[in-house]
Amino acid sequence: DTEVTQTPKHLVMGMTNKKSLKCEQHMGHRAMYWYKQKAKKPPELMFVYSYEKLSINESVPSRFSPECPNSSLLNLHLHALQPEDSALYLCASSQDPSGSEQYFGPGTRLTVT
Amino acid sequence: QQQVKQSPQSLIVQKGGISIINCAYENTAFDYFPWYQQFPGKGPALLIAIRPDVSEKKEGRFTISFNKSAKQFSLHIMDSQPGDSATYFCAAANAGGTSYGKLTFGQGTILTVHP
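Chains as they are written, first to last, in the working numbering: chain X, 1 to 113; chain B, 114 to 228.
Only chain X is shown next, with the shape it has when bound in the complex (with noise of 0.2 Å):
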C-alpha cells in the first residue's frame, strides 16, 4: 500500500483566517515532504521533514508553519495569506530521506479570497 491520504481536498479561506491541512501516511516511511503546485507547473518543494525533524525549509514565506506531531502526520499551519498562494498542496513520503521513491496524496486544493 502506497497511500498517502490528505485533508481537506479543498479549502476557500480569507486574507485573514488561520486553518491548517493535514498529511497522513502509514507506510513507515521517514521523511515527509509539502509541495506547493501551479496550475500547468511541476510541484515545487516547499519542506522536507526527516526522521521527524525538519530538514529543509525552502526560502518559504513564514505565513506557512509546519508541523509533524509523529512519523506518520504532517501538518501545514496557514495564517495571514495572499490571493497568490492559491494552489494545490501537495504532500509526499518516502522511506528515507534521499528523495527517492516518493508518494505523493491528493492533494489539498487551497483557494485565498
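Accuracy of the hints is not assured; some may be wrong.
Claimed, not checked - Mimicking SDA-like on lysine to any residue, the simulated pairs with C-alpha atoms at most 20 Å apart in a straight line are: (1) B:Lys215 to X:Glu67; (2) X:Lys38 to B:Phe152; (3) X:Lys40 to B:Ile223; (4) B:Lys215 to X:Phe64; (5) X:Lys40 to B:Ser120; (6) X:Lys38 to B:Phe179; (7) X:Lys41 to B:His227; (8) B:Lys155 to X:Leu11; (9) B:Lys118 to X:Ala39.
Claimed, not checked - Heads up, incomplete: computed chain B residues facing chain X, CB under 8 Å, no partners named: (10) Lys155; (11) Ala158; (12) Gly209; (13) Lys215; (14) Phe218.
Since the hints were made in silico from the structure, they are not lab data.
From a predicted model like this one, the values you see are computed outputs, not experimental measurements.
Yeah, the Cβ is synthetic: ideal placement off N, Cα and C, and Gly gets one too.
Dock chain B against chain X, hints included.
Leaving out everything else, chain B in the frame of chain X:
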C-alpha cells in the same frame, strides 16, 4: 546546473501509437530518475524510475531509456491508450548525496491520446 529540461511541452498520439517524452539534465551528481503521471485535480503518481547503473527499465507498457554519457533519459509509452492522457513529469535527484529530499522536476508534458 540543477535544471531538468523536458520536451515536448505537449504531445498528441493516436490510440495504439508510441508516446515518447524526453528529458535532459546537467548535474552529473543526479543518480535517481523517476517519472510521474498526473491526472487533473490529482497528485502525481510514481510511474517508473531508473538509476544510472542500467540503460533501460521496462514495466508493462512503460519503458525508461537512460543515456548516461548524453545525460538524457526518456519515457516510452507503448500501445498508448486514451486513459494514458495526463501530464507527465520527469525528475531527478541526488539520492546518494547530502542534498537529500530534493526532486528536481522537468516542466511537464501534456499527453493526449486520441481514440
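- Item | Contradicted hints - numbers only | 6 and 7
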